[in-house]
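Q: Counting from 10, one number per residue, gives the positions in the sequence shown under the working numbering.
Calculated directly from the structure, the hints in this document are not laboratory data.
Ideal placement from N, C-alpha and C gives every residue a C-beta, glycine not left out.
Some clues are possibly wrong.
Subject to a maximum C-alpha distance of 30 Å in a straight line, what follows is the list of computed BS3-like cross-link-like pairs (lysine-lysine) [stated by the list, open to error]:
1. 150 <-> 320
2. 119 <-> 130
3. 308 <-> 318
4. 104 <-> 92
5. 20 <-> 32
6. 460 <-> 293
7. 94 <-> 115
8. 115 <-> 125
9. 476 <-> 142
10. 476 <-> 308
11. 32 <-> 43
12. 99 <-> 125
13. 396 <-> 376
14. 99 <-> 130
15. 317 <-> 185
16. 85 <-> 67
17. 114 <-> 99
18. 102 <-> 123
19. 100 <-> 114
20. 56 <-> 85
21. 205 <-> 186
Beta-carbon label-pair distances, calculated as ranges [unchecked claim]:
22. 460 <-> 367: 20 to 30 Å
23. 310 <-> 354: 31 to 41 Å
24. 183 <-> 376: 40 to 50 Å
25. 354 <-> 317: 47 to 57 Å
26. 261 <-> 391: 40 to 50 Å
27. 379 <-> 436: 42 to 52 Å
28. 317 <-> 415: 45 to 55 Å
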Amino acid sequence: MKRPKLKKASKRMSCAKRYKIQKKVREHHRKLRKEGKKTGIRRKIKKDIGVPNSAPFKEEVLREAEERKQELEELKEKNRLAKQKERAEKKLKGKEEKSEATPAKKQRVKKQEKVKAQREKRAAVGKAKSSKKFRCSEVNKVIEASDVILEVLDARDPMGCRCPQLEEAVLRHEGKKRLLFILNKIDLVPKNILEKWVQYLQAQCPTFLFKSSVQLQDKTVLEKKKRAANDRIDYSRATMSLGSDSLMQTLNLLASTQDTETMLIVGVVGFPNVGKSSIINTLKGIRACNAGVERGLTKCMQEVHVSKKVKMLDSPAIVAAPCNSGDKLALRSMQADDKEVNPLETVKALLKQCDQQQIMLHYNVPKYKNSLDFLTLFAKKRGLLQKGLLPNTEQAATLFLKDWTGAKLNYSTTVPETGRLPPHLTKSMVTEMHTGLELDAIKSHTKQIIKRLCAPKLLTTVTLNSKGMTDGILNVGELPEEKNTLEEKEDDEDDGEEEEDILVEETEEMEDIEEIETPVSKQTPSQKTCKQKQGNKNTASVNIDLLAGEKKDDNDAYDFSTDFV
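Working from the sequences, and respecting the hints, build out all of it.
A: Right, dumping it as structure tokens:
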């Protein structure tokens, strides 16, 4: 009986019941013994007495018994092997009959092999497209084919997103090609800073404000069916776009000035993670181009017909020159994702250009001494731990860089002084770029966009000390040689000092060859500045390696008195 408080019923019983059960068991066993005696069946098996010692020829009898045993065992083994062979033959016959009876299986195997071969080919093509030479050639194709070129700039750091080499390549055509600036991601910058940037950039080139929309994506088929049945769309903040009307008006105006038969070809160009493909998707209203947080998703030129008069060309990202500073390479190059540069070094370069208190408030982290200390605290905060509860600093560094390149972090840069033009621009070029456009309508549209914008406040934004434009590479001949094999890297680590001297000599020879090919009179000012930076960088690297034992950075020194665990 189960008691109310107990979970299981008790197995206890009264003594009378237990004794009664035992008595019945005894009687049952006694009955079985009597029946066994009647039938002659006994439980105990009689032991084999064997051959008595008094028997004659005892040894011979024992030998004969052993020989018989061995013969019986051999026969058993032969039978077992014969049965195994029969089973194997039956299986082979069954497989042959099935293969003959089902030719569909052979077709499936062939299809699988074809699919594998196609995947391998695609992987090889993807590796070729991800190379810097291919990207440079695709960007040049877009510039040559397009009538209007949209240089997409991140509103958080517009000067850092500008490429002087690209602007020079467009302005060389002397009015045949137009250049327009697009300030994307305007919802991540305060309004007063955005207004200053628009005034500064408008004085040099016609600029448009833009906020791209995130298209709706149904996670399951049921969600898609429900949305189609209800005819409802969730207009959240991410799905709303700004600035598309003013941009389309100007593009249609430029298309009307051209011939009626030909379409206006618009090329969208810029550094990685600026939002080139997302702008095309918002103007088209469909996810026509592949867009995401990862750098370098667009690997080749892609044509998208936005309207009857306008056709847009999506291009891969511009290759950043190695002569740029560390913070520029961290934000505007593909080296961090391609694992050419250590992400810890890129984070270190970024943190040097930011205010410590603002980063502490934004990431909710205590005071840190150096970049490694910050990454350990950041990894613990996000739960990025390895075996033994050690913080994974590399994973934390990649996540930190994704925040800066993606559309999560609110940061801004200071606007430079107005009235100064860059060396590759002149007043006549600026007037040519502004001609044929309705500037008053553009200004009114920008004011309306700034009013409707939900922008963050200055207290929640991080200020970044930007160092001007980033130099890019458009000519394939200017690209440095890429190292892919691991053996070369191991040899470089072993013979570090010797190869540094060789690299310095090679760079000097390359500079001499470039000077011979392109004389100083024909060189552009941006090429000269880039070469000067490369020369300064090479000399500085040699000096640092020579004095590595004597001079060390006090900020990045490891403090043994503190416990970082």
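Q: Which of the numbered hints are not met once you compare them with the structure shown?
A: Those not satisfied are hints 12, 14, 24 and 28.
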